[in-house]
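Following the hints, put chain L in place on chain E, whose structure we already have.
2 protein chains.
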Amino acid sequence: MSAPHLWELVERAALVNASGEAIIFGDSRTTWRETRDATETLAMKLVGAGVGRGDRVAILAANSDRFIQALFAIARIGAIAAPINTRLALEEMEGLARDAEPRLLLTDAAFEKQALTIQAQGAVPIVARLDAVSGAVSSIDSAQAGALPPLGDASDTTCLLYTGGTTGRPKGVMHNSDSLVMNVFQSADILGSPRDMRFVHVAPMFHIGAIAYVVAVTMHAGTHIPLPAFDPEAVLNAIGANQATHVTLVPTMIARVLDCPTFADKNLSSLRRIIYGASPIPETLLTRAIEALPHVEFGQSYGQTETITITVLPAQRHITSGALAGKLKSAGLPAPGAMVEVRTSDGAIAARGELGEICVRSGSLMSGYWRNPEATAATLRDGYVHTGDIGFMDEEGFVTVVDRLKDMIITGGENVYSVEVEDALFRHPAIAECAVIGLPHSEWGEKVHAVVRLKDNTRASAEELIAFCRTRIAAFKAPRSITFSATPLPLSGAGKVLKREIRDALAREGAR
Amino acid sequence: MSAPHLWELVERAALVNASGEAIIFGDSRTTWRETRDATETLAMKLVGAGVGRGDRVAILAANSDRFIQALFAIARIGAIAAPINTRLALEEMEGLARDAEPRLLLTDAAFEKQALTIQAQGAVPIVARLDAVSGAVSSIDSAQAGALPPLGDASDTTCLLYTGGTTGRPKGVMHNSDSLVMNVFQSADILGSPRDMRFVHVAPMFHIGAIAYVVAVTMHAGTHIPLPAFDPEAVLNAIGANQATHVTLVPTMIARVLDCPTFADKNLSSLRRIIYGASPIPETLLTRAIEALPHVEFGQSYGQTETITITVLPAQRHITSGALAGKLKSAGLPAPGAMVEVRTSDGAIAARGELGEICVRSGSLMSGYWRNPEATAATLRDGYVHTGDIGFMDEEGFVTVVDRLKDMIITGGENVYSVEVEDALFRHPAIAECAVIGLPHSEWGEKVHAVVRLKDNTRASAEELIAFCRTRIAAFKAPRSITFSATPLPLSGAGKVLKREIRDALAREGAR
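Taken in order, these protein sequences are the chains called E and L. By the working numbering, the letter at position 290 of the first sequence is numbered 298, and the numbering carries on one by one without gaps. By the working numbering, the letter at position 512 of the second sequence is numbered 520, and the numbering carries on one by one without gaps.
Keep in mind that the hints are not guaranteed to be accurate.
Identical copies go unnamed one by one, so any copy, or any two together, can satisfy a pair.
In silico lysine to any residue, SDA-like type, Cα no more than 25 Å apart, as pairs [unchecked claim]: (1) K455 - R379; (2) K507 - N423; (3) K337 - G28; (4) K337 - R203; (5) K337 - A26; (6) K337 - S27; (7) K507 - D390; (8) K337 - D204; (9) K337 - R516; (10) K455 - I418; (11) K121 - G34; (12) K337 - A57; (13) K507 - S27; (14) K337 - A386; (15) K274 - P240; (16) K507 - S450; (17) K121 - E299; (18) K507 - G361.
What the hints contain is simulated information worked out from the structure, not anything from laboratory work.
If we strip away everything but chain E, and leave its shape as in the complex, we get (with noise of 0.2 Å):
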């Protein structure tokens, strides 16, 4: 017996709330009835576009109620979503496309342009409108409608979902019906009440942090309120129109938008909870917060792309003074079926308040990385996701998260690998050495910091280095700050950059 398939989670939507609202999207209501059939009818045009069981649909789309239907659309035929990042470099888009192989690319107004571009370069033989209203490309509703396949099994994969790779090639992350279903069973501390739940989207659908909460909102017949981009106002316009109970935020827009001009005029009495996850929540933005919205609840979860949710620290520890306060730091209590150890270099499980690398083993890891065995066995070993991160378990069992064995920011939400930017400045042929690290940053949490040497006799500004970066990777990874070093970069015995004697020394200097 396993966790319903996510198509089910439709049925059953549709069955226990047909005449509710399912997806709300601007000026359109479609209850849940309408989106099952709508769902159903896309998964046919897909059977009728030539995709298959296991073939793969990329989607290069802004949120919408299209994409949500896509997503299950995708399960129902067995086919298997590759949703893209959007603010990519159009070169690592089509690396991602090329990775993917996918037989079709879903696509709409906004992105269209990118897609007919990845199309031209050959790395996807065909391109369709996601939305209805046809463009240059023509709409996936044009297709004909083909017979749908029987529904298929639970742990086929449904989505892969790209994350950057320490090795330069996008690693694709698998997961299938049951991990994504068992996620929201084991992660239910963090919805709260999931009653009449009213949902805004704003995370984007192409990270597991969005699709997390599609599927939850979908299972618990729930109304999905996507929107297409973050804007402070847009998500407080959005929460009052739609009287939204939930809405996930990382703790850098928990600050935009109560930073928002308008704030005060907004009518959020209908809002529950705020969930947010990527990064812990500052004590001083939590105090404006519980001051601003004095009846909502926080709720954060840490996890990755590979584990989906790992701990989750729940509302009543969101809390500056008294007996259970304290836990704010940490990432909270593992999932009632996320067995969380913390393990020493040597294997052995940390003592409680020892550092080590955070490891899981849960119902809701990724079956592995998409054709490429050699890094799915190097993270995915005797059943537990080895995280890269590393931290510790205290007393009460609460885990804290200090310090990332994968050298990755964390921007705005965005991860970004450090080796990524650092290959970019390489490129460059002024750049001798480079190290980039992330330094704290009030507003996304960590900003993308290079230190570079350049070579004797050479120039070259940090705005040109910058400029240089952002041809070639998305905006959000290339540097916004550079400093520059006339001494060679401090050295492991093994050659590798010592990051923390970097980070160390602009603390000392102040360059923060």
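Just chain L now, with coordinates in the frame of chain E:
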């Protein structure tokens, strides 16, 4: 990837709530760390007593801390718990033991005598006391500790729960770690908030209705408060003394608790939720309960031993007026993950409102009946358990159970199969014909009633026939009342007694 193993729930509870109270039983209070260790020790003792993977361990005991430990210890070593209904007649207990073929029978002070008789009859080789204090029988604690095997698979059978069978032969419903854990995930709504749950277990732990919540409380690292027997005042005292938040009570028990003369003196302020099942709650009873306990929420679950939870009637539908009212007679909505179909006699899906057999596919289904492939094949077809219950689904997805195909009576929360009672009656030499039905009863929900026709020239009083039954079947199964018929009972064309006609006739005669 599957759901966490039952044993992992214990491990996690010891991780995240090590010094929190795990079990309060009488004067004994144990933390989760202690409970984990005691359970592991018990598992080692079972191995030492010769219990291996797949062996059955019968349990004939009242609810206790040790009963809870035993369930998880047996799961830890991959053995199979076979708890025996303590209210059965000795002959019935023996029958179950012969069917389960246990390696060991665990018992306690209250049931040691019956256990020894079962052993003397050759139905089990070893009897050991579960409670530490030894009587005539030595405690399992005195066994040598054996070496623990590796943790088994979550799909290995971990318990056999016996239901009376319409065929006369007892049927052992096989559940595994997966089905028990998925049930908790899927029926989360029944718990309301599981945070800091302190749960009074009144239902006997040989019932799925108790075991399901033993698993739930463990998953959430809450506090178990097992009571050895139902007594209204003991329930009230257990809630007040231990700040209990949750209790399971069938509607019959709710009425008796409210009727308790000392009810008004008790402090029930900690109670958040009353969970009930087995039958809908009468509107008058709910009204009384809401008036007496305005701060308490109610949750109904409907299911069978074979399915565990099928539907949940949420707390906010426990109302007698307003827009959301009108669902009290229903059993609620399909749990997320429970795919419910109402099927007409030709196998088609019934229209909304149309009667049919309630069928369910779910992660919480049994894997089958123990050593009974014919019964399994008859009940579990195409992945659906055919419940035998007749009902309908309304436009909003709520399921109402109107009758039971299986000719079963639910009296005081216990299932009684009419055929078992009829079999007992037929053994009396004076009985020519009989039909056993359930009649509405204000306290027990239904009472067992028999309509009999005596053979010509014989005599027997109701008292005599009831006493006769009690020597052969459990007291709760014996008729509470008997109507004598001078004319043959109404038969269908196929020669089956038409019980509906008998019920209607009794209603007309005001026999209720």
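Hints versus structure:
| no. | hint | in the structure |
| --- | --- | --- |
| 1 | K455 - R379 | neither (32 Å within a copy, 63 Å between copies) |
| 2 | K507 - N423 | within (18 Å within a copy, 68 Å between copies) |
| 3 | K337 - G28 | between (39 Å within a copy, 22 Å between copies) |
| 4 | K337 - R203 | between (29 Å within a copy, 21 Å between copies) |
| 5 | K337 - A26 | between (42 Å within a copy, 21 Å between copies) |
| 6 | K337 - S27 | between (43 Å within a copy, 22 Å between copies) |
| 7 | K507 - D390 | neither (30 Å within a copy, 59 Å between copies) |
| 8 | K337 - D204 | between (31 Å within a copy, 22 Å between copies) |
| 9 | K337 - R516 | within (24 Å within a copy, 70 Å between copies) |
| 10 | K455 - I418 | within (8 Å within a copy, 65 Å between copies) |
| 11 | K121 - G34 | within (23 Å within a copy, 72 Å between copies) |
| 12 | K337 - A57 | neither (49 Å within a copy, 48 Å between copies) |
| 13 | K507 - S27 | neither (56 Å within a copy, 40 Å between copies) |
| 14 | K337 - A386 | neither (29 Å within a copy, 55 Å between copies) |
| 15 | K274 - P240 | within (12 Å within a copy, 51 Å between copies) |
| 16 | K507 - S450 | within (21 Å within a copy, 75 Å between copies) |
| 17 | K121 - E299 | neither (44 Å within a copy, 65 Å between copies) |
| 18 | K507 - G361 | within (24 Å within a copy, 68 Å between copies) |
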